[in-house]
Structures are given as structure tokens and as C-alpha cells.
Amino acid sequence: MPGDRREPRYCRECDRPLGGTGTNTTHMWCDPDPVTVAERQALLDAEHAERQAAETAAALAAHRADRRTRSHRAALRRR
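Sequential numbering from 1 applies to the sequence shown in UniProt numbering.
It should be emphasised that the hints constitute simulated quantities derived from the structure, not laboratory data.
Mixed in with the good hints, there may be bad ones.
[Stated by the list, open to error] The calculated label-pair distances, taken between Cβ atoms and stated as ranges, are: (1) GLU50 x ALA75: 32 to 40 Å; (2) PRO8 x ASP66: 53 to 61 Å; (3) GLU50 x ASN24: 26 to 34 Å; (4) ARG67 x ALA38: 37 to 45 Å; (5) ALA62 x GLY19: 44 to 52 Å; (6) ALA75 x ALA42: 45 to 53 Å; (7) ALA49 x HIS27: 27 to 35 Å.
Note that the coordinates shown come from a computational prediction; the quantities given were computed from them, not determined experimentally.
Beta carbons are placed, not taken as given, at the ideal position from N, Cα and C, and that holds for glycine.
Could you put together the complete structure from these sequences and hints?
This is the structure we're talking about:
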């Protein structure tokens, strides 16, 4: 469509045009604080471990609450 062209985006570091329509604001090679693949993977692994631990703790708490409820109901039935 005419008039539907987007303005070209430029790198914050080197002022050269960025390709594509993504959300990047710098070229990968211009990034002033690059993160290596190993560092990135370590961060992702740590986040995953935290999330997994939280889910496990929540599931364990729910299981314990359910066991207490069942035990309590059984005790009431025995009376």
C-alpha cells in the first residue's frame, strides 16, 4: 500500500541502518555489553531452576494440605 512504509531504524551505537522489523536497537556486534552464549544459557538455566523449585514447592504444599484434609475427614468419620 502506498504510504505504508516504515521509517528505517538505526543502530544506537554505530548509526547504521538496522535490518528487519524486530525490536532490536543495536546490531549484535555493536552491543556494548555482549553476553556470551554460555553466560546466556547459564542465566536461562538458573531461571528455569528457580521456576521449577517454586512449582515443586507449590505442588508439595498443595499435596500436604490435601493429605491433612483427607486425614481430618477420616478422623471425623471415625468418631
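Index of numbered hints that the structure contradicts, given in increasing order: none
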